[in-house]
Structure formats: structure tokens, C-alpha cells
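Hey, can you work out the whole structure from these sequences and the hints?
Those sequence lines, one after another, are chains X and Z. Under the working numbering, think of the first position of the first sequence as 1, with each following residue one higher. Under the working numbering, think of the first position of the second sequence as 1, with each following residue one higher.
Just so you know, these hints were derived from the structure itself, not from any lab. Take every hint as true, because none was put in to throw you off.
Stretch by stretch, here's where chain Z covers chain X in the computed footprint (C-beta under 8 Å, at least three residues):
no.	stretch
1	64-71
2	185-191
Take a look, some chain X residues computed to stay more than 10 Å from chain Z by CB distance:
no.	residue
3	Val88
4	Ala91
5	Tyr92
6	Arg95
7	Glu121
8	Leu172
9	Asp173
10	Leu204
11	Glu206
12	Ala210
13	Pro226
14	Pro227
Cβ atoms here follow ideal geometry from the backbone N, Cα and C, with glycine treated the same way.
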Amino acid sequence: MTTNRRDFLASAVTAAGAALTPELPHTHTHDHEHQAVPSDPALRVKALESLLVEKGLVDRAALDALVDTYENKIGPRNGARVVARAWVDPAYKTRLLADANDAMADFGYLSKQGDRMVVVENTSSVHNLIVCTLCSCYPWPVLGLPPVWYKSAPYRSRSVIDPRGVLREFGLDLPADVEVRVWDSTAELRYLVLPERPAGTEHLNEEQLAALVTRDSMVGVTKVAPPQAGVSS
Amino acid sequence: MNGIHDMGGMQDMGPIEYEKGEPVFHAPWESRVFAMFLAASAWRKWNLDAFRHTREVLPPDGYLRVSYYEQWFSGLLDLLVRRGLATAAEIASGVPAPGTAKATPPLTPDRIPAALPNRIRAKRDVEMSPRFQIGQRVRARNINPVGHTRLPRYARGKFGMVDRDHGVFVFPDTNAHFLGEKPQHVYSVRFAARELWGEQAPQKDSVYLDMWDDYLDPA
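So this is what it looks like as C-alpha cells:
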């Protein structure tokens with residue numbers, strides 16, 4: 001059954017929708033697989049959208065709103081605000097680490113009863129790194145959609161066996177005495193790293209701090225850099 | 001299944017290719033595939049585990065070569081047909097079968113703000129005793145199912161320690177195949193890097209995996 005499904009899927013990816021037949025015999029060969037790249041995804045996707053709208057399965061305005069939401073509204077700025085709040089408010093930080101859903105509900109990013117989120121804290125002695133080795137799980141509500149590198153084979157394969165090597169590729173060379181914890185998102189928990197507050201930021205307010213926090217630091221592949229010298233806060 | 005998607009611990013996949021100022025989508029069609037999948041999922045004819053499995057059964061070389069949203073597209077087509085929302089003939093022709101009544105889409109723009117924070121819907125508020133306690137030593141089972149599983153190969157047979165109990169969630173190994181939710185506790189389990197990768201790994205480092213009751217034995 002799996003083999004037939006696989007052939008079915010190979011054909012779904014191969015031919016321009018025309019060869020979508022689940023009854024394909026088992027003719028699985030490598031020649032066949034090498035053709036598995038769609039030549040015209042844009043046209044095929046457009047055709048599917050017309051069909052689904054025509055059938056009343058999807059609302060085109062909802063599609064537009066979803067794209068707009070993830071292109072313009074939900075992204076790493078959400079996570080940055082959470083991080084900055086935790087940096088300036090110790091009680092908030094305690095709540096965030098104990099129950100991230102509850103703490104993020106303050107911003108409207110998550111509901112208390114909705115999908116589950118976990119925040120792990122980086123310190124001078126512990127460094128956390130987030131990955132999903134099996135697919136692409138990522139904390140959408142606070143970081144938006146994942147970048148290509150996060151979903152790529154090099155990152156997914158190596159983060160668990162050689163996290164320090166991966167971090168060096170991102171320019172972060174951790175001292176040997178820092179403990180590295182990798183979180184492989186194998187279930188429906190979504191992880192966010194609370195990065196360390198950089199030195200030299202004591203005079204900044206919450207909004208200014210949020211502006212320093214990067215997506216990559218909340219995945220754990222980098223640290224938050226101190227404000228650049230000469231740049232006025 | 002022991003597929004190419006289960007790549008944790010593989011080596012020589014090349015350098016991480018980082019794109020500065022990366023856009024959310026690299027082409028408009030990617031954004032439409034993304035949105036169509038979310039909107040069509042609102043029919044609740046499938047679940048995320050089933051969707052993941054559509055990508056896992058792609059041919060291994062195709063899995064590595066096609067782009068992420070091409071994987072999504074093929075998975076969406078597969079689910080639409082298998083779960084009865086569209087026929088293969090309709091997808092091939094791009095028009096509804098003659099005489100098909102027009103449905104009413106369940107996801108409308110006004111419902112999006114409420115829908116997104118509860119998109120995954122995998123947690124279940126049922127009272128169940130956990131099989132394991134925080135701090136307990138456990139061993140990940142050595143299982144090799146031909147269907148969907150979220151127990152990666154690199155952790156099978158390895159010893160770890162229960163770090164947290166996240167409560168009760170649906171079980172992907174059955175849920176992906178529409179064989180029931182089989183709700184059970186999920187734990188973060190800490191595995192020492194040396195337990196997973198041998199003596200070359202740094203002594204203090206570790207990998208945490210989220211594990212269902214059915215993935216674990218007491219140790």
C-alpha cells in the first residue's frame with residue numbers, strides 16, 4: 001500500500017495533474033523518480049485554486065488574508081516583544097518559562113487553551129537550540145514561517161549530532177564549558193529560545209530592546225548582539 | 001517509516017545555505033499552496049500527522065530535490081483526493097464534476113484570527129495517568145513501523161530521563177492513518193549526547209525529544 005501511495009505521489013509531483021491515478025501499478029524505478037520535479041508549479045497551483053474556489057471548498061478572500069497574515073502580521077517581531085518583556089520584567093519571565101501559553105496570551109499571540117508553546121532560557125552556562133529533524137515544526141505564532149535553511153537537510157540532519165559545528169557556521173563559537181541543549185520538536189510542542197540580554201543594554205527600554213532581538217537568536221543559532229557603538233538609542 | 005525525512009544524525013548533507021533578507025515566500029504560488037492547505041484543512045477531513053506522512057512517502061531522491069512547497073502541493077493533492085474533497089478527474093481538468101453542489105467554505109476571513117492560535121489541535125483535555133514520572137529513567141523503544149511515527153531512528157533503543165510532562169496529546173502513529181487518536185501523555189525526554197552519539201560527544205551536552213507514552217519503556 002505504501003509503495004502504491006508512493007507511486008501515486010510521485011505521479012502527483014511529476015505530471016501536470018493529468019496522471020493523478022491512485023491505481024498506478026508498481027513501476028517504481030529510479031528513471032521514473034528522476035522526473036519528479038514539476039515543470040510548471042505556478043500554473044498547476046492556479047488551476048487548483050480555481051477548482052477549490054469553484055467547488056466552494058476555500059474562500060479566495062480567506063486565502064488572501066492568510067497570505068497577508070504570514071507575510072505582514074505574524075513574524076519574529078512577535079517573539080521579540082515577548083523576549084524584551086521577559087528581559088525587563090522578572091515576574092513575566094517566570095510566567096513565560098512556566099507557562100508560555102499563558103504569558104504569550106498577554107500579547108494575543110497564543111490562547112491559553114490553544115496550541116502549546118515552550119520557552120527555554122539561554123544563560124551564560126546553558127545554550128539552547130531548536131530544530132525539527134523530522135519535518136519543519138517551528139513556532140509560527142511568535143516567529144512566523146520558518147526560513148528555508150531551518151527546513152533544509154543540512155540543518156535538520158546536523159543540529160542534533162553536531163550542534164556546536166552548526167553554531168560555528170552561524171558564527172557562534174561556544175566555550176567548551178557551556179552546556180548545549182538541542183530541542184528536537186518531535187511532537188506538537190513548539191519551542192522558542194529566550195536569548196541572553198546583551199551587556200550594555202541597561203539604559204534601553206522594552207521597545208528598544210525588542211528591536212535588538214533577531215529571529216535567529218530565538219531559534220538559538222546566534223546570540224543577540226549588543227547595540228552597535230555610535231548608534232543612538 | 002525509516003524514510004529520508006528521518007535525517008537527524010546524518011552527515012555530509014552540505015553547508016547550511018543562509019539567505020539574508022529572505023522573503024516569507026519565494027514565489028506567489030508558494031503562498032497560494034500554503035493558504036490553500038490551511039483553508040482546506042478547516043474541513044477537518046485530515047490532520048497534521050496525515051499531512052506529514054504524505055511528504056514522508058515521497059520518493060527519497062524527490063524528497064531531497066523538490067522544494068518545500070512542492071512537497072506541500074503534492075501532499076494537498078493527495079489528501080484532497082483520498083479524503084473525498086475532490087476527485088482526481090477534477091484536479092486533472094481543473095473544473096468541478098458536472099452537477100456538483102457548491103459547498104460553503106468553513107474558513108472565512110473573519111474566522112482567521114481565532115483559528116490560527118489553535119491550528120494544530122493535538123492536545124486533549126482528558127484525565128489519564130502518566131505512565132512515567134518526571135526524573136524517571138526511560139528507554140526509547142526500538143520500533144520500525146512502516147507507517148508514520150515521530151520516534152526518530154537516532155533515539156531508538158537509547159536511554160534518557162523524563163524532564164517534563166506536557167499532558168495528553170493525540171498519538172501520531174495512529175492518527176496519521178485515521179486509525180484513532182489514542183490520546184496519551186507526551187514528555188520531554190533528555191538524552192545525553194554521549195548516549196546518542198558516543199564518547200566523542202561533549203560530556204554535558206544533550207538532546208531533548210518529545211516522546212509519547214507508547215514510545216517509552218521504564219529503564
